[in-house]
Amino acid sequence: MHELLKKILARLGLLSFTILLVYGITGLSVTMLPAPEARPRRQAAAEIVDFRVPPNLTDKQVADRVWEALKLPLTNPAPEWSLRRDAANNLTIGFYTPNGPARVTVLEREGRLRLVRERAPWPAFLNNLHAGTLRDLPVDWRMRAWVAYNEFAIFALILMSLSGVYLWLSSRPRHLLARLSFVAGTGSFLALYWLSR
Amino acid sequence: MYRWLRATHLSLGAFCCAFLLMYGVSAFQMAHFNLRPKISEVTVLVDGQAGGDARAVARQLMDRGAVRGILRGVAATEAGFRFRVERMGLVHQVTYSRARGEAHIGTQDAGLLGALNRIHHPAGLWHESPLLRAWGVFVALVSAALILLSATGIYLWFKLKRLRRSGTLLLAVSLLYSLTLIVLIRTA
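Respectively, the protein sequence lines represent chains A and B.
For the first sequence, our numbering assigns the number 26 to the initial residue and increments by one for each residue that follows.
For the second sequence, our numbering assigns the number 50 to the initial residue and increments by one for each residue that follows.
The hints are simulated quantities; they were obtained by calculation from the structure and are not laboratory data.
Beta carbons: idealized from backbone N, C-alpha and C, even for Gly.
Hints may be right or wrong, so weigh each one.
[Unchecked claim] 20 Å max Cα-Cα, derived EDC-like pairs, lysine to aspartate or glutamate:
1. K96(A) x D75(A)
2. K96(A) x D165(A)
3. K85(A) x D161(A)
4. K210(B) x E28(A)
5. K96(A) x D84(A)
6. K208(B) x D165(A)
[Stated by the list, open to error] Distance ranges between label pairs, derived from CB positions:
7. L202(A) x P179(B): 23 to 33 Å
8. E93(A) x D102(B): 23 to 33 Å
9. L209(B) x A69(A): 45 to 55 Å
10. P86(B) x S188(A): 29 to 39 Å
11. G97(B) x L202(A): 36 to 46 Å
12. P148(A) x F207(B): 47 to 57 Å
13. Y226(B) x S195(A): 46 to 56 Å
14. V93(B) x G136(A): 56 to 66 Å
15. L46(A) x H81(B): 21 to 31 Å
16. Y51(B) x S188(A): 18 to 28 Å
17. R110(A) x H81(B): 46 to 56 Å
18. M57(A) x P86(B): 28 to 38 Å
19. P102(A) x D102(B): 38 to 48 Å
20. F207(B) x A94(A): 25 to 35 Å
[What the hints assert, rightly or not] Which residues of chain A face chain B? A partial, calculated answer using Cβ under 8 Å:
21. L53
22. Q86
23. L162
24. M168
25. Y174
26. E176
27. L217
All chains should be modelled from the sequences, with the hints used to inform the complete structure.
Right, dumping it as structure tokens:
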């Protein structure tokens, strides 16, 4: 049992090596971020694209046509909640990608779209990558492949945590530093949990 | 070197295991199902002196044990005001009516999984709440430990001669797959 779990732990670790680094770097980089209101907003350049809105469509149907027309890489069709009307009553649509959001304003009377793409810096990009799951039902094959890897890593993380504890207790349960670390880590977690609840 | 790194790997893993389990379990929940919080409602009479101020009403409700947590989202309504009192996985939505002098408290409790879900998110050291800042400190510690665990894990695997050949293949496939995707997504 011990040897089998050791092999499983090693193989899971090797397979999820990159994504564990992504999780670690993401955690460190979000720690460094200032409060949301103090974060600098990047000025993104606007592009204008010709687009005629067909008559008798709902806003969601227009958003779907816009998505088909623009073919923005990595995006899914815009969900209902991302549709808004701006101060001039133009329909605005938000498309999400790990590289940063794209916002489209439908200038219906002019027969155009205004497209603004914000480029996420690397820490935000990695943060977005770490959050993707199969539940997002990504249309883009690269995103589907990535979220499948993320899904695997979630299971790997749980299995490695449990098997690691088993391997410790079945081989060197009296290891003093490990005992102290376990008490410090798990004790802190339980104390914070108790205070938070 | 090997013994020292093995002890480091073991101790880091022992320190982080509760946090890593929390991240794994809450990520599984977020990836696979929505939480259905338990909902309860109660109406509480509030002392008239407190009625002009949301903070005073919240304090009175806290002193009576009706709510507990951080006060958020204070907003005026036609009849008085409303606010939320939140803690991890639990939200009290309080609506106060000046005319009736009573507070209606709607509570949504998402239980253990709801709490783990909320604990997954507070990163950073900018939060006003000392408790959230404390969670933020542990996010940083566990993230650094995860990087070190990965690095020491690679070293320890490499020293296991019987797993070296198959492991090299797995690592190569994993790196090729993940790094290719990262580059393809970033440059899309």
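Here is what the structure says about each hint:
no.	hint	in the structure
1	K96(A) x D75(A)	14 Å, holds
2	K96(A) x D165(A)	11 Å, holds
3	K85(A) x D161(A)	18 Å, holds
4	K210(B) x E28(A)	14 Å, holds
5	K96(A) x D84(A)	18 Å, holds
6	K208(B) x D165(A)	39 Å, violated
7	L202(A) x P179(B): 23 to 33 Å	29 Å, holds
8	E93(A) x D102(B): 23 to 33 Å	53 Å, violated
9	L209(B) x A69(A): 45 to 55 Å	49 Å, holds
10	P86(B) x S188(A): 29 to 39 Å	32 Å, holds
11	G97(B) x L202(A): 36 to 46 Å	60 Å, violated
12	P148(A) x F207(B): 47 to 57 Å	29 Å, violated
13	Y226(B) x S195(A): 46 to 56 Å	32 Å, violated
14	V93(B) x G136(A): 56 to 66 Å	57 Å, holds
15	L46(A) x H81(B): 21 to 31 Å	24 Å, holds
16	Y51(B) x S188(A): 18 to 28 Å	21 Å, holds
17	R110(A) x H81(B): 46 to 56 Å	34 Å, violated
18	M57(A) x P86(B): 28 to 38 Å	33 Å, holds
19	P102(A) x D102(B): 38 to 48 Å	46 Å, holds
20	F207(B) x A94(A): 25 to 35 Å	51 Å, violated
21	L53	5 Å, holds
22	Q86	26 Å, violated
23	L162	12 Å, violated
24	M168	7 Å, holds
25	Y174	6 Å, holds
26	E176	6 Å, holds
27	L217	6 Å, holds
Hints 6, 8, 11, 12, 13, 17, 20, 22 and 23 from the list above are not met by this structure, while the remaining hints are.
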